[in-house]
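Q: Those protein sequences? They're chains A, B and C, same order as listed. So for the first sequence, the working numbering puts the first residue at 1; every next one is plus one. So for the second sequence, the working numbering puts the first residue at 251; every next one is plus one. So for the third sequence, the working numbering puts the first residue at 544; every next one is plus one.
Simulated from the structure, these hints should not be mistaken for lab results. Using N, Cα and C, we set each Cβ at its ideal position, and we do this for glycine too. Just to be clear, a hint being listed does not mean it is correct.
Unchecked claim - To be clear about the criterion: a stretch of chain C counts as covered by chain A if any three or more of its residues have a C-beta under 8 Å from a C-beta of chain A, and this derived list gives those stretches:
id : segment
1  : 824-836
2  : 841-855
Unchecked claim - In silico SDA-like pairs for lysine to any residue, Cα to Cα no more than 25 Å straight-line:
id : chain 1 : residue 1 : chain 2 : residue 2
3  : A       : 114       : B       : 256
4  : C       : 756       : B       : 411
5  : B       : 386       : C       : 758
6  : C       : 750       : B       : 532
7  : C       : 835       : A       : 60
8  : C       : 750       : A       : 54
9  : B       : 296       : C       : 637
10 : A       : 128       : C       : 824
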Amino acid sequence: MEKIEAKEVNFHYGDFHALKNISMEIPRNKVVAFIGPSGCGKSTFLRLFNRMNDLVPGARLSGKILIDGKDIYAPDVQVDELRKDVGMVFQRPNPFPKSIFENVAYGLRVNGIKDKEFIAGKVEEALKGAALWNEVKEKLNASAYALSGGQQQRLCIARAMAVSPSVLLMDEPASALDPISTAKIEELICEMRDKVTIVIVTHNMQQASRVSDKTAFFYMGEMIEYDDTKLIFTNPRKEATQNYITGRFG
Amino acid sequence: MDRPTYPEGYSARKRRAQAAAFAVCRILSLLIVLILFAILGFIVIKGAGVISWDFLTKAPSDGMTSGGIFPAIVGTLLLMLGSAVVAFPVGIMSGIYMNEYASKGWVVKFIRLMTNNLSGVPSIVFGLFGMALFVKYLGFGDSILAGSLTLGLLSLPLVIRTTEEALKDIPAGIREGSLALGATKLQTIWKVVLPMGMPRIITGLILSLGRVSGETAPILFTCAAYFFPQLPTSILDQCMALPYHLYVISTSGTDIEAQQPIAYGTALVLIVIVLIINLLAGLLRKHFEKGLS
Amino acid sequence: MKRVIEKTVRWILTGSGFVTSVVILLIIGFLFTEGAGLFGEPVIEEGYVLAVNGENPVKEMSAEEIKAVFDEDITNWKELGGPDLAIETFRLEDADEYFTEEELGPQYGNAGAAIAALVASRPGMVAFVPELMIPEESGLNFIEDRNISPGEVLGGREWFPTATPSPLFGILPLLAGTLWVSLFAILFALPFGISIAVYMSEVASGKVRGFLKPVIELLNGIPSVVYGFFGLVVIVPMLQQVFGLPVGESGLAGSIVLAIMALPTIVTVAEDAMRNCPRTLREASLALGATKWQTIYKVVIPSSMSGIASGVVLGIGRAVGETMAVLMVTGNAAVIPSSILEPLRTIPATIAAELGEAPAGGAHYQSLFLLGVILFFITFAINLCVEYISSRNRAKNN
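Make a model of the complete structure from these sequences and hints.
A: And the structure:
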């Protein structure tokens with residue numbers, strides 16, 4: 001069974017048909033990249049996997065999205081339980097106005113874990129996993145805002161990983177960062193791939209080709225092509241994909 | 251370390267906590283709505299029977315135990331007008347200066363600080379000040395003039411702030427466009443900026459009138475007369491005013507039985523004025539917002 | 544020509560820009576000059592003296608002691624550092640008890656001499672009489688008079704500005720009344736204010752919010768006399784029944800009315816602050832499995848804390864300065880309150896209630912301006928507080 005399956009997904013914002021009949025399968029513990037020009041629906045599609053679009057007024061979904069074979073839009077699914085298992089990293093670093101430690105501990109606390117030792121251990125593990133531990137271990141109680149942008153984004157990754165999700169959604173996680181920070185994030189993605197299924201939205205094609213196993217190309221709300229990353233970038237089957245990756249539009 | 255073992259049932263528990271918290275918020279919000287309606291309803295029900303043509307157009311009589319409140323209505327309208335004459339021009343000019351002329355820096359910061367402070371000054375302090383400056387020092391005596399000046403100063407911060415905010419939201423490009431056509435700064439402000447900001451400025455002005463209509467403390471010692479049945483003939487006359495009338499009639503009345511209905515009627519008229527003003531401002535705002543989108 | 548107009552207009556506008564600053568300065572100036580005059584007033588009513596027997600060693604008495612003596616709370620000179628001797632007080636009104644009409648003479652012509660003789664003959668007597676009445680060389684001692692000191696005003700526990708021979712201007716009961724009422728008002732308003740702000744910004748649908756917003760605005764627009772009137776005819780009798788009070792006019796009635804009045808300020812500012820909490824922070828919290836409510840109290844409220852604090856402080860400012868409603872429902876007893884169920888009196892209410900009766904230029908009149916100065920500075924400090932909080936907030940957001 002694949003980790004995530006989308007079946008004939010259609011999504012509307014009011015009158016706007018944002019996603020058109022998309023079906024795809026995302027294999028377990030792989031990295032899948034969504035690429036495409038802005039407004040093509042790739043972020044919208046990503047945010048369906050942890051039901052972040054529930055907050056959008058006037059949104060309508062048809063079709064099915066299954067994670068581990070279970071329909072995540074079924075009425076008996078609790079959104080907070082789902083999101084505990086499907087973490088997310090956003091476009092801009094968005095740490096809470098709290099200490100570094102509390103940022104990482106947040107997800108554990110809101111899900112009912114009170115054991116201080118366990119939390120401390122988990123925070124350390126998550127910060128190490130995000131390659132941030134050595135930089136912050138002396139100042140865990142300092143405000144997260146004291147960190148640089150790149151550090152903040154790695155903190156957000158640590159925060160998302162601390163609750164041990166099985167899926168991590170990344171919505172253009174490096175678009176607001178400098179090249180060095182971007183490289184660090186990409187390195188992290190490669191290290192995390194054996195623990196978690198990663199879906200990453202990016203407008204940076206080099207990034208997609210560097211980090212992902214499979215790539216999906218979206219255009220105007222449709223998924224044009226979905227294949228192994230190598231094939232997409234060397235031998236795309238559709239002309240639109242070809243045009244996009246060679247930079248003829250976008 | 252392994253995956254954390256999340257406590258059984260915590261998810262349900264936190265959802266219950268959420269339901270409870272939201273219920274509390276909902277109930278308290280509902281309670282406030284009820285309180286407002288209780289106040290309004292109470293005064294409307296008790297006051298409606300009192301309102302009549304005579305009540306609105308006759309002066310009080312028999313030691314204020316019967317008759318109407320006409321002089322108080324006229325007085326309040328005069329004070330609103332007077333305060334508008336004082337506050338509107340100065341306030342609007344001040345707002346224009348703040349947004350269009352003053353160089354951003356300590357000057358603006360200082361003026362804004364002072365304006366905010368002035369808006370926080372209690373109305374009774376305005377009353378004291380008005381009495382010391384206008385009534386005594388400048389020798390206007392208890393008069394419509396002194397009352398209007400005091401109320402005008404009181405509403406000044408509100409006028410300034412709304413003007414400033416209305417102008418701030420006008421995009422810089424529009425000013426640049428006009429200046430690029432060779433218009434002077436003054437022409438740009440007069441012909442382009444002010445007309446665009448006007449609807450919002452007017453909304454603010456109307457609301458400031460609403461505030462003035464209900465103020466009592468500033469006119470206690472500068473203008474308000476306990477009993478002045480004829481209409482004022484000059485701005486140096488005293489006048490009656492609705493809020494002050496309500497105050498004296500409900501606290502220092504001589505014949506509670508006879509005066510309580512008059513108090514309800516006065517309160518109702520006062521509330522109706524406030525309602526009309528709020529409604530007007532609300533409609534104007536809505537109209538304006540529709541025009542924008 | 545065009546340039547001249549431009550320049551003139553510019554000057555006029557600049558001038559009006561500084562109007563508020565000028566008004567603030569004028570307020571400070573006028574209130575101060577009148578208020579500071581109080582400290583130039585004598586403790587004993589002007590034109591009067593306190594005459595005592597020539598043998599009496601007591602030379603000085605504070606205003607509070609003088610009042611206690613004439614209220615017969617102090618009955619022996621030894622309490623004032625004199626000999627063990629009962630105090631007898633004499634006021635002009637008592638003349639009939641001591642003298643016949645003949646003794647006083649036509650038009651009270653001999654009254655001065657008669658009183659002087661009386662005091663000289665009674666070692667324990669203190670007489671409060673006009674200075675001019677007492678003949679020279681009477682052999683009497685006079686209690687030394689001095690000016691009212693800031694200490695006895697700011698630290699005085701009794702406000703009794705119409706007392707004779709020496710009025711008392713202790714502001715502590717008024718200050719306590721003001722703070723007491725405002726404190727309770729905020730305690731009542733706070734849970735409501737925060738809940739409503741949370742409801743409006745986080746929970747309610749657009750429609751419900753569109754209904755609540757004008758409700759709050761209207762609540763803000765109702766004149767304070769109307770609140771006072773409503774309090775007087777509804778809340779006061781209700782409290783009297785519920786708590787079985789002798790009078791319903793009480794600090795509690797004032798607090799309830801003030802709570803309703805301060806609410807719109809708190810709600811508006813707090814809601815604004817919460818709505819300004821970035822969406823990305825909410826999403827980050829929700830994405831970690833937090834519920835909406837967890838997100839609100841763990842992220843939204845903490846991150847908009849300074850906005851909420853400004854709202855609360857502004858609400859306090861409004862409560863402290865509110866005059867009419869408080870005047871109408873608190874019962875206006877100038878005593879340091881021991882319970883919120885007792886009548887009490889605030890600074891603004893005192894000014895409003897007494898200025899009409901205080902003769903212009905007198906000590907009482909000046910004392911009310913002094914109250915105005917104190918009130919002005921309390922609210923000034925509150926505003927600076929708000930300014931500080933929100934400027935720090937702006938700095939943080941940048």
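Q: Each of the hints needs a verdict: does it hold here or not?
A: Verification of the supplied hints:
Counting residues of the segment 824-836 of chain C whose beta carbon lies closer than 8 Å to any beta carbon of chain A gives 10, which meets the minimum of three for the stated coverage. Interface restraint, the segment 841-855 of chain C with chain A: holds (4 residues with C-beta to C-beta distance below 8 Å; minimum three). Distance restraint check for residue 114 of chain A and residue 256 of chain B: the Cα-Cα separation of roughly 10 Å lies within the 25 Å cut-off, and the hinted pair is therefore satisfied. The suggested pairing of residue 756 of chain C with residue 411 of chain B holds, with an alpha-carbon distance near 20 Å, which does not exceed 25 Å.
Proximity of residue 386 of chain B to residue 758 of chain C is assessed by CA-CA distance (about 41 Å); at most 25 Å being required, the pair is judged violated. Using a Cα cut-off of 25 Å, the hinted pair residue 750 of chain C and residue 532 of chain B holds, with the two alpha carbons roughly 16 Å apart. Under the criterion of a C-alpha separation no larger than 25 Å, the hint pairing residue 835 of chain C with residue 60 of chain A is consistent with the structure, at around 21 Å. Taking the CA atoms of residue 750 of chain C and residue 54 of chain A, the gap is near 19 Å; set against the 25 Å cutoff, the hint holds.
Distance restraint check for residue 296 of chain B and residue 637 of chain C: the Cα-Cα separation of roughly 52 Å exceeds the 25 Å cut-off, and the hinted pair is therefore not satisfied. Pair hint residue 128 of chain A plus residue 824 of chain C holds up; C-alpha atoms about 23 Å apart against a cutoff of 25 Å.
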